[in-house]
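Enquirer: Given these sequences and hints, build the entire structure.
Numbering (the working numbering), first residue to last: 189 to 371.
Quick caveat, the hints were computed from the structure, so don't treat them as lab data.
Restraint ranges, calculated between C-beta atoms of paired labels, are given here: (1) Ala215 with Ile319: 19 to 27 Å; (2) Leu250 with Cys328: 20 to 28 Å; (3) Ala234 with Gly295: 39 to 47 Å; (4) Glu335 with Val282: 20 to 28 Å.
Small disclaimer: the values here were computed from a predicted structure and weren't measured.
Think of the CB as a built atom: it goes at the ideal place given N, C-alpha and C, for glycine as much as any other residue.
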Amino acid sequence: MIERTGATDTANRLVGRFLQHFSLVEAALDKAIATLTGLNWTIAAALTANTPFVKKVDFLFLAEGVVSEKADDARKRLLRDTKSAILKLNDNRVIAAHCRFDHDDNGSIIFRRVTATQTLKISDVTWTEAIVEGMCIRACELARAIEGIVDQIIPFKHRLDFSDSRNSGYVTLLFWIVSHGVV
Numbered sequence: 189m190i191e192r193t194g195a196t197d198t199a200n201r202l203v204g205r206f207l208q209h210f211s212l213v214e215a216a217l218d219k220a221i222a223t224l225t226g227l228n229w230t231i232a233a234a235l236t237a238n239t240p241f242v243k244k245v246d247f248l249f250l251a252e253g254v255v256s257e258k259a260d261d262a263r264k265r266l267l268r269d270t271k272s273a274i275l276k277l278n279d280n281r282v283i284a285a286h287c288r289f290d291h292d293d294n295g296s297i298i299f300r301r302v303t304a305t306q307t308l309k310i311s312d313v314t315w316t317e318a319i320v321e322g323m324c325i326r327a328c329e330l331a332r333a334i335e336g337i338v339d340q341i342i343p344f345k346h347r348l349d350f351s352d353s354r355n356s357g358y359v360t361l362l363f364w365i366v367s368h369g370v371v
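Expert: Here's what the structure looks like:
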């Protein structure tokens, strides 16, 4: 059992604060999936409850590419930067949820992170209260950004634009019309 002290309470409070703010990002993703799929709330909740976080992120950005008009450069940059920031915050969530942690004399949290891909790597990750507060602020910003992405999706409209693969059916139709002398 971990001895309860003021320092351990502070470390636990900070980890909990971060996880609470991270949950805002996940809730925004769940809402985005419900909105983009048009599923009623209970069906969408069942779906998202059984979907890993990274798959939810992938779904949002896949949906943007499939159902919206081609993004301009500023939109592409926003999407790329937002996805990257969400995945970076998720990496911090993995640390908070899966790594043993303790405190130091300065009030910081020290996580012992063990990773094993091609080699075993053990590292200490230190979070100060300021770092946790920064991640909490970032989580709130990302939750709003996800809502904005969904609100600003411009529905895709089929047109005779053969540079977009989503219009590829028109090439076949046009070939058939011309080859059958309809035109």
